[in-house]
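K.L.:
Chains D and L, in that order, give the protein sequences.
For the first sequence, this note's numbering assigns the number 1 to the initial residue and increments by one for each residue that follows.
For the second sequence, this note's numbering assigns the number 1 to the initial residue and increments by one for each residue that follows.
By construction, these hints were calculated from the structure, which means they are not laboratory data.
Do not rely on the hints blindly, as some may be mistaken.
[Said to hold, decoys possible] BS3-like, lysine-lysine: derived pairs with alpha carbons at most 30 Å apart:
no., chain 1, residue 1, chain 2, residue 2
1, D, Lys55, L, Lys89
2, D, Lys40, L, Lys89
3, L, Lys111, D, Lys36
4, L, Lys50, D, Lys35
5, D, Lys47, L, Lys87
None of the values given here were measured: they were computed from a predicted structure.
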Amino acid sequence: MAIPLNIDWQQILLHVFNFVILAGGLYFLLYSPVKKFMAKRDEQYRKMDSDANEKLASASALEQQAKERLDHVEDEIMEKRVKAEAELDKYSAAQMQEANAKAEKIIADAKKTAAEERQTILNGADREILNITKTLAAKMMHANTDAAYEQFLDIAERDAQNDK
Amino acid sequence: MSKKRKIISLAVWLSLVFASLIGVFLTDGMENSESVREIMRDAVLHESNKISLFGLLEVNPAVISAFTVTGILLVFALIVRIFVIPKFKRIPGRFQMLLEELVRFFDGLAKSNSPHRNAFLGAYIFAAGVYIFVGTIFELFGVQAVTTHGYPMALPAPLSDINAAIALGCMSYLAILSGGIAANGIKGVGKTLKEFSLPISMSFRLFGALLSGLLVTELVYYYSTLSFVLPVVVAVLFTLLHALIQTYVLTMLTSLFYGEVSEVHAPKPKKNKANAKAN
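When you get a sec, could you build the whole thing from the sequences and use the hints?
P.N.:
Now the structure itself:
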């Protein structure tokens, strides 16, 4: 039977043969390797993405931790400040007490020294007064003796003159 | 793909190659009526201009075009496979991007139209698309061949021959049928056979579109007054547009029908007669 339009089964099969070879060749040489490469790269990017997401999650957890810690740091600082102030007060009170004790000791020592010095001075003054008194007495005695001697000398001189 | 599946695919492919080759030789001697050939124009039917295929057969020039296109594409693919693909980078260069975009386009077309089964479909429409596009562009180069009568002639686009268009249309139909069988078994065959006009429509659409371009170009070239400047526009317009449009149309239709027949439907719930009676 004549087939219209110059349709030839042999040539159709030749075209089929040609196309099957082409399709197989293109699949094994081009389509499959390129698709495999793209799939591999997609997998790489997916892995990178998941790694990045994991890192992001851990970073945000760390950030959260740091934020919480920062929130507590205020209280911690306040607590430590109060503690430090209390310790400082205690230390300064102790220092003050020690200073007072030292000052009292210094005053007591000074008073004692002053009393001793006063006593020493008083003792010295007594001795001096005694000495002065003795000296005065001696001087008074000398004065009387001198006057009597002078008087005697005067008298003697006058007698001598008179004898002349 | 597992090793077993690879071996099966390779065996199927090889059997297709050999089956079609055997068919070529078995059908040798079946000739068409000469009286019809006399009526049809040679440009359309390739009636008188035959070319010898390795001295074995006398074939239409489109067969030689098809083999030439296949040879060019396979050599190109081999060169790319050996020298380019092993040097692919994570951040692609221009050529790598072109190849990736080509593969991604057909793969995406297959996936979007046939979400259930698309591995074979992607490979098929990739090959069909590349073949139609390059085959159509091929006529622009005007590759010369010598006919059996000793006249030189420019090789036409493979698909401007009705036989090539029928071959591609039928193969697309068979691809769709294989998808239907793989997904739904006998039901898939029924679904595919419902679209019995598909191979005819696909074949004649391809043939008509490419032939119209060829005829218009032939007409323009026929008149010497129109042979200046205009052919550049007309040839580029018809060839490039047809190349792009027909590539898109055939791959789109194939993937669309493939997706439709390979869609797995949930079984209909059985009516409970006892419950129906009670109600």
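K.L.:
Could you run down the list of hints and mark each one as holding or not?
P.N.:
Against the structure, the hints:
1. Taking the CA atoms of Lys55/D and Lys89/L, the gap is about 26 Å. The hint holds against a cut of 30 Å.
2. For the proposed pair Lys40/D and Lys89/L, the alpha carbon gap of about 12 Å is at most 30 Å, so the pair holds.
3. A threshold of 30 Å between alpha carbons decides the hint, and for Lys111/L with Lys36/D the separation of about 16 Å falls inside it, so the pair holds.
4. The suggested pairing of Lys50/L with Lys35/D is violated, with an alpha-carbon distance near 40 Å, which exceeds 30 Å.
5. For the hint pairing Lys47/D with Lys87/L, the CA-to-CA distance comes to about 22 Å; that is within 30 Å, so the pair holds.
In summary, the structure is inconsistent with hint 4 from the numbered list given earlier, while agreeing with all the others.
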